[in-house]
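Asker: Taken in order, these protein sequences are the chains called G and A. Residue numbers in the first sequence follow our numbering, run continuously in steps of one, and reach 259 at the last position. Residue numbers in the second sequence follow our numbering, run continuously in steps of one, and reach 201 at the last position.
Watch out, some of these pointers could steer you wrong.
As the list claims (entries may be wrong) - Below are the SDA-like pairs computed for lysine to any residue, each with C-alpha atoms no more than 20 Å apart in a straight line: (1) G:K108 <-> G:K153; (2) A:K191 <-> G:K224; (3) G:K138 <-> G:K118; (4) A:K9 <-> G:V87; (5) G:K224 <-> G:S240; (6) A:K18 <-> A:S147; (7) A:K9 <-> G:A194; (8) G:K224 <-> A:A93; (9) G:K84 <-> G:R41; (10) A:K18 <-> G:R152; (11) A:K9 <-> G:A90; (12) G:K118 <-> A:E92; (13) G:K118 <-> A:R194; (14) A:K9 <-> A:E55; (15) A:K18 <-> G:A37; (16) G:K138 <-> G:D180; (17) G:K118 <-> A:D111; (18) G:K153 <-> G:V87; (19) G:K224 <-> G:A194; (20) A:K9 <-> G:Q91; (21) A:K191 <-> G:D180; (22) G:K224 <-> A:K9; (23) A:K9 <-> G:L257; (24) G:K108 <-> G:D180; (25) G:K118 <-> A:E114; (26) A:K18 <-> G:L63; (27) A:K9 <-> G:G156; (28) G:K118 <-> A:K191.
What the hints assert, rightly or not - Facing chain A, from chain G, some residues (calculated, C-beta under 10 Å): (29) L2; (30) K4; (31) E72; (32) A95; (33) G117; (34) K118; (35) G121; (36) A124; (37) S197; (38) V204; (39) A217; (40) G221.
Simulated from the structure, these hints should not be mistaken for laboratory data. Every value quoted in this text rests on a predicted model; they were computed, and no experiment measured them. Just so you know, even glycine gets a beta-carbon here, dropped at the ideal spot from N, CA and C.
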Amino acid sequence: MLTKRIIACLDVHGGRVVKGVQFVDLVDAGDPAALAARHAREGADEIVLLDITATHEGRQTLLETVRRTARELFVPFTVGGGIKSAVEAAQVFEAGADKISVNSAALKDPSLISEIGKSFGAQAVVVAIDARRDPEAKDPVRDAQVFVQGGRKLAGRRVVEWAREAEGRGAGEILLTSMDSDGTRTGFDCELTAAVSEAVNIPVIASGGAGSVAHFADVFGRGKADAALAASIFHFGVSSARSLKEELVAAGVPVRLPC
Amino acid sequence: MRVTVIDYKAGNLTSVLKALQHLGAEPEVTDSDLSVIERADRIVLPGVGHFAATERLDSTGMTHVIREAVKRGVPFLGICVGMQWLYAGSTEATGQPGFGAFEDQCSRFPDAGEKVPHVGWNSLEVKGSPRLMAGVKDGEYVYFTHSYRAPVGADTAAVANYIGPFAAAVERGNVMGVQFHPEKSGETGLKILRNFLEWTC
């Protein structure tokens, strides 16, 4: 049976993990390679590394971080943050990423999606969408506003139509962050996630708002998410992907338990 | 051990190479040099993307050299589209013949209200006692990402279920294929790759 994926997300700045899932007993809790390996061992189905520096000077550091993290990682590995061109994407793939995620650059030039997909396959292109419900729209959920530049600027697109266009252009997956829920720990935006998931035929990864194990069960059920991002697992009382998954199994959610 | 990894310009080889190196093999990549295939101890054909890309194997003469190597008993492993290529062909690119080691056709998952592609970790059911699956127990999970698949047949080594059963792995003699990505399937995937590297006639 196809299982629901729990994806560990590491925010990286200057080669160090600055936010995300941390382990108190790691000697170097800020090392992306050590953290990624630990998550994989604990049962994370996938690792996402988001470069929040995303400056020109930071690129070489990022590539070195990707190379080091990928070396001993044998689960899917996605890298995102500031990838602006197919050439930059190619460098990240060569460093060892299995997928790249694009956000602002794809909104600016949607042909970037197909361009990367042509060389590396659609499965390797994740389109990240940051969206906020629009109370003034006829359908505040389906017509949620899409934002760029880390949520600072309106993109002028609506979430469902943009997700559909991304799919049509060859995106392999959608990573959907609810800006309303992000950081609240009150649960994922299940309506938003379901609206996007039902509108496309590619997997949707839910992000933003996780505060308890029940929130994951909810977004996999009501939210129709195919995967969920766990950015700060420690903040809600489970110590690892393994214990999160054990609780999900008990709640009847199909997930892969690590051997 | 010289493991020849064939590059037919369909996606990124880094992960496959990394996993092979991790297991102590010395992978050597070729996109046209037939002599690298001729001296291979093992041949791996990875591949993501479109079945039509396998045309490059024919136009470069690699298909012929692979066929000769397989006849000599060199173990061959196709991954994802590389496994599909072992069949007669795929409805993804009807004019493009496959290697033909297995006679079935690959086809797209039908529309059944489920998402296509099939992406994520799915469980295996091992059929018989294929050498590639040695030590793999029923219910172990591996990572898939694909829209086309081969039907279950006599040579199916493992079955997975998504909109019905399909061949997750195939094996006949020294010719093997896996629809999933062993290089991205944690310990289970590494075990399968190790079985391939340790395969002896």
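Asker: Of the hints given before, which are not true for this structure?
Answerer: Going through the list in order, the structure violates hints 2, 3, 5, 6, 7, 8, 9, 10, 13, 17, 18, 21, 22, 23, 24, 25, 27, 28, 39, 40 and respects the others.
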